[in-house]
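Chemist: Below are the chains, spelled out letter by letter.
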Amino acid sequence: MHLAGQFVRRILQGVVVVLITTFLIFSILRIVPGDPVRLIVGGMAPDNLVEEIAQKMGLRDPIPVQFGRYLSQVVQGDLGNSYQRPKNGMMGQGGDFNANMDVEMAEVSDLILERLPYTLQLAGLALLISLIISFPLGISAGLKPKGFISKIAFFISSVFVSIPNFWLGIVLALFITIKLGLLPSIGYQNFAYTILPAIVLAVETCPFIIRTISVSFAEISQEYFIKSGKVRGLTRNGVIYRHTLRNASIPLLNLLGIQLSTLLGGVIVVEYIFDYPGLGQLTIYAVLQRDFPLIQGIAMVTSALYVGLNIAVDLITYSIDPRLES
Amino acid sequence: MRGGCMSKKIKFSRRKFMKFMAKSGLGAAALTSAPMLNHNFLYNSAFAASGKPLIFAAAEALTGNWDPTTHTNLGQLIFESYVFGYLTRCPMKPENPTQLNFELATEATEIDKFTLEFKLRDGVTFHNGKPFGAEDVKATYEYGSQPDRPAQWYPGQVDVEVVDRLTVRIKTEKYGYPAGLFYYLSSFLPILSADDVANPNNAASRPNGTGAFKFVEQDGDNTIMEANENFFMGKPKIPRVQYNFVGDTATRTLGLLSGEYNVTERLEPEQVDTIVANGGFALNQAVSTENKYLWFRCSKPPFNDINMRKAVAHAIDREGLLDILGISGTYTGCHVSPVKFGYTDVEGFPEYNPDKCQEYLAKAGFPKGKGLPELEYITSVGFYPKTKEYGEYITALLNEQGIPVKLSVLELGAWGNKLYDREGGGPGHMIDCGWCTGSPEPDLVIRTHFHSSSKRITGIVDADIDAALDKERNAPSVGEREQILKTEVMPLLVDKMPSVPLFGSVFIHAMANDVKDLYIYPNGMMSAETASIG
Amino acid sequence: MTLDDSSISKKIFYDSWQNNFFKFSVIFFIFICLLAFIYPEISEIKAEKMNIKSKFLPPIFFEGFSWTHILGTDQLGRDMLMRCLVGLRFSLIIGFASVFIMLLFGCLVGIISGFKSSWVDVIIMRITDAQLSIPMVILAISILGVSRPNLASIILVLALSGWPLYARVSRSMALIERDKEYVRGARILGANDFRIIFFLVVPIILPPIAFVSVLDIARMMIFEAILGFLGLGVQPPTPTFGNIIADARKYLINAWWIATMPGVFLVITLVTLNYIGSTLEKSKNKIFGEGI
Chain C
437 MHLAGQFVRR ILQGVVVVLI TTFLIFSILR IVPGDPVRLI VGGMAPDNLV
487 EEIAQKMGLR DPIPVQFGRY LSQVVQGDLG NSYQRPKNGM MGQGGDFNAN
537 MDVEMAEVSD LILERLPYTL QLAGLALLIS LIISFPLGIS AGLKPKGFIS
587 KIAFFISSVF VSIPNFWLGI VLALFITIKL GLLPSIGYQN FAYTILPAIV
637 LAVETCPFII RTISVSFAEI SQEYFIKSGK VRGLTRNGVI YRHTLRNASI
687 PLLNLLGIQL STLLGGVIVV EYIFDYPGLG QLTIYAVLQR DFPLIQGIAM
737 VTSALYVGLN IAVDLITYSI DPRLES
Chain X
21 MRGGCMSKKI KFSRRKFMKF MAKSGLGAAA LTSAPMLNHN FLYNSAFAAS
71 GKPLIFAAAE ALTGNWDPTT HTNLGQLIFE SYVFGYLTRC PMKPENPTQL
121 NFELATEATE IDKFTLEFKL RDGVTFHNGK PFGAEDVKAT YEYGSQPDRP
171 AQWYPGQVDV EVVDRLTVRI KTEKYGYPAG LFYYLSSFLP ILSADDVANP
221 NNAASRPNGT GAFKFVEQDG DNTIMEANEN FFMGKPKIPR VQYNFVGDTA
271 TRTLGLLSGE YNVTERLEPE QVDTIVANGG FALNQAVSTE NKYLWFRCSK
321 PPFNDINMRK AVAHAIDREG LLDILGISGT YTGCHVSPVK FGYTDVEGFP
371 EYNPDKCQEY LAKAGFPKGK GLPELEYITS VGFYPKTKEY GEYITALLNE
421 QGIPVKLSVL ELGAWGNKLY DREGGGPGHM IDCGWCTGSP EPDLVIRTHF
471 HSSSKRITGI VDADIDAALD KERNAPSVGE REQILKTEVM PLLVDKMPSV
521 PLFGSVFIHA MANDVKDLYI YPNGMMSAET ASIG
Chain V
349 MTLDDSSISK KIFYDSWQNN FFKFSVIFFI FICLLAFIYP EISEIKAEKM
399 NIKSKFLPPI FFEGFSWTHI LGTDQLGRDM LMRCLVGLRF SLIIGFASVF
449 IMLLFGCLVG IISGFKSSWV DVIIMRITDA QLSIPMVILA ISILGVSRPN
499 LASIILVLAL SGWPLYARVS RSMALIERDK EYVRGARILG ANDFRIIFFL
549 VVPIILPPIA FVSVLDIARM MIFEAILGFL GLGVQPPTPT FGNIIADARK
599 YLINAWWIAT MPGVFLVITL VTLNYIGSTL EKSKNKIFGE GI
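Residue numbers (my numbering), protein chains in the order written: chain C, 437 to 762; chain X, 21 to 554; chain V, 349 to 640.
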């Protein structure tokens, strides 16, 4: 019963958060300079036509009015249509004069849903790789804070956290794909194209995960019930797996919730470098083309993902250890 | 090879055409000196293709509007060269630069100075199944030559008379310029279906041509085409062509090396070195029809003052630019590319000279640049080679002379939207751009940009230039026209300097060795109807 | 545990100072900073000086090198060492300035929020939630991608994207401090919220957070490089790590040093900074307890 109430409260809070996010991005896009209409009609169009179309599109109304209109659409499940990408999926590029263009524009929700699986695949694989690297290092470092592995873990974390992702991506593409021909990585044809970008992302997230694991293992292993476990004659490994892992999973889950936005941020850069057809690449081009509905849609979806994941994390945490009510 | 293949299959009125050429003086002499580099990528393949698709990594995204009269986007011109048919094609090969191959037309005859007759090919159909005929040519030419069409490739408006189902006459008398201009233009104007012209929304929403490849779908940044079974020369060997927009030069090179793409364009010297070192690729280098320019916004201060334009021209070290460009650039001595009709090395072209620069600055009322506002110089990245590198170089040179310049390096789309002149002058003060057309016709550049009826980027309105351009266009013979271009128009343009021609572009395409018989025109357009892979 | 502020800072720093690597890192970092800020000014070689004829010179000891350019030259014949140093200078300025602003702003908002557990608190916390739910990169490129970036706007955008975490942390600390004896005491003595916050609470909460923020400086420096790489950073001709690497990307195979050298500079600086930050954080945790 209590869980259900908690759940409803968190969902409501989440909706509020997503609304605020959407409003923030919505306003920022309209406050900063850069007129999307100019990009829609093209560089050859005269200024008065730009103004005329902008008014027709409602882009000169006060921001709250525009936002209200947008929300009423969103409530009906309509994220709007892209300003720049016609239904046939083409990446339109301004430059000339498209005022007479009467092509049906792609729906933002379609564009996002099309790209989302690629990004989830990339993010998922990246997470998997970083967990595989982080678990052994993090656990050993946590259990023996003064040991050799702990130093290695600290060193690896310091270096990994200091390597810019775009730089690593370029270097890996150069050596692994071009020089050695081991893995393809530019564009996307099949699953193999995900591996190299995922490694770059994993390097970025590893330090945080290693740290979280080592800290929680260090703390928990010092706690009394482990000492008492030893007294009761349980083996060291048995203790670790019974108690520590379960307890360490709570900060780890929380970290994953928080790291999601870092991960998504990294995805943008990495997808851009590897020409990977995911949400990140879509975002970059949407921003450069001032494709307002698309940017808003992406921001809303990522924010909803983040909020949703954090609610899930809280609920799981709660079911693992009901004492930890957040 | 297009020429050989065509001459066997069709009635090729080469003799008649050469007669016209000889009469007009527009012979090889005008263009034989054009420096063209190796063409060893042309082979004849005897076998049918293995069925692999051709994937072309392109430097420019398409506009999203399929109507060819709405854009000047080079990427889309390349796409159109696959999907659309043209009355003629002009391969502009070094050994025979003015050779015209007939495609949708089979014959061209000059009836009189203002009338040019084309006989059309029978049995050609559009991709939507409708047969091609005189009505389509009439509709296309009359529509495309409307002054409100953004592409503005036409020298002026034109009327087309339909003589019979397969004969048209291009008439220009009413508009006062010779019809002979359409000889070369005919290889650059894609033919639309009359139905699409009647309903431009159809033309905009999907391409419908007579070309060797049919548009299938747009998949993200990839434009997918498949072989046209009903192509009049027979179904192409390559079953599928993909035009993939890859906006980053390094990515294009890496993708080519790793086998993602078969062909790529707009390579830079260093990438060429890499590709050569890697082996397995054929390179195609050719001086293109494109010059790169630094365009001034001539309709607003400070560049409405000719002295300011000259000051900048004298501040630019064009030799240094060529050093930066390496094999991607070549010297140009006037406002059209060295492979264009009417090209000449204008005597007294302003070269790097700080003293002269200062002299002109003083004349303009800004001695040592004092009193000048900060000038914005806009350039793009990703498409043209080395724009940022030489943009920084030019900025440094101008700053050295006391001209306060701020360089704005924009992504291609943003740059494209700032490119053209508007009321009150376009954005910024100087902008970098090239101009590349699939024909030796010089008016596609100089009239488009410097005549007050078009003035695309510069916004220049100058009675002297207008008069010279009109005189050149209305010249009674091609020989006289060439003379006027070389001795009057080009020197005048250099003197007025509405833009500084920086260098001529050398186009470098690279393709995998197994790609055979893909012809690349000097403006980057392609012919793949007889090409094969493997 | 009511420690007075100066003793906390001193203790944390003193504890870290026991570590020899930490000592070395601090000295090395100061050396790097001095190099970046002073050397380009006194050297005869200027970062922006182009010499087309001597482009693509490799670093010393590679075939064809020149002693004048020990790290080689770039595609326009500019000296790589100078460009790296000037790039580092901007990177440091942006890193420190943005963290300074986000720290001050975030903590202030957080402390006020924690003290006024009312609707102000609710709103501020929901805003931080909202902002944390948008990836920083999306936020930054949305703002910078549509306007022309300059030094100030980049610093502000970075600060904007980082403040919510500081607000959160300082709020939770303020919640603890709020109910402590000394605050109640001050209130009984008639001090208003403003006085209590600025003269009593801020000096206690700020220092430990400030130590941890060293790690964020490194993060912001990477972030600045990413923005530069995407073309949304400080504009040329000013060299920054991001734009040097982005420009040199296409020369990676032929002239590897142009993209490599800034990368190496950045990684060395960041490893140093991260080591300093992590050590300070460890000491802080030892003295002040976990929770940040």
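I should point out that these hints are in silico values taken from the structure, not numbers from a laboratory. One thing to keep in mind: the hints can contain errors.
[Stated by the list, open to error] In silico SDA-like links for lysine to any residue, alpha-carbon gap of 20 Å or less: (1) C:K582 x V:I635; (2) C:K582 x V:K401; (3) C:K587 x V:Q366; (4) V:K401 x X:K139; (5) C:K587 x V:I616; (6) V:K394 x X:E371; (7) C:K582 x V:K634; (8) X:K139 x X:D168.
[As the list claims (entries may be wrong)] If you want the ones that stay clear, here's a sample from chain X, every Cβ over 10 Å from chain C, calculated: (9) E280; (10) D293; (11) S319.
We put the CB at the ideal spot given by N, CA and C, even for glycine.
Chemist: Now look at each hint and say whether the structure bears it out.
Modeler: Do the hints match the structure? See the list:
Of the pairs offered as hints, the one joining C:K582 and V:I635 holds, with about 18 Å between alpha carbons and a cut-off of 20 Å not exceeded. Among the hinted pairs, C:K582 with V:K401 is inconsistent with the structure: their alpha-carbon atoms are about 55 Å apart, more than 20 Å. For a cut-off of 20 Å, the pair hint linking C:K587 to V:Q366 stands: about 17 Å separates their Cα positions. Taken as a hint, the V:K401 and X:K139 pair is broken in the structure, with Cα atoms around 56 Å apart against an allowance of 20 Å.
With a C-alpha separation of about 18 Å, the suggested pairing of C:K587 with V:I616 holds against the 20 Å cut-off. Only pairs whose Cα atoms come within 20 Å are accepted, and V:K394 paired with X:E371 is rejected, the gap being roughly 26 Å. A distance of roughly 15 Å separates the Cα atoms of C:K582 and V:K634; the hinted pair therefore holds under the 20 Å criterion. Only pairs whose Cα atoms come within 20 Å are accepted, and X:K139 paired with X:D168 is rejected, the gap being roughly 28 Å.
With a least CB separation of 5 Å from chain C, X:E280 falls inside the 10 Å interface cut-off, contrary to its annotation. Against the 10 Å criterion, X:D293 stays outside the reach of chain C, whose nearest CB is about 14 Å from its own CB. Distance check on X:S319: its Cβ is at least 14 Å (rounded) from any Cβ of chain C, clearing the 10 Å threshold; non-interface status holds.
Violated hints, in rising order: 2, 4, 6, 8 and 9; the structure is consistent with all others.
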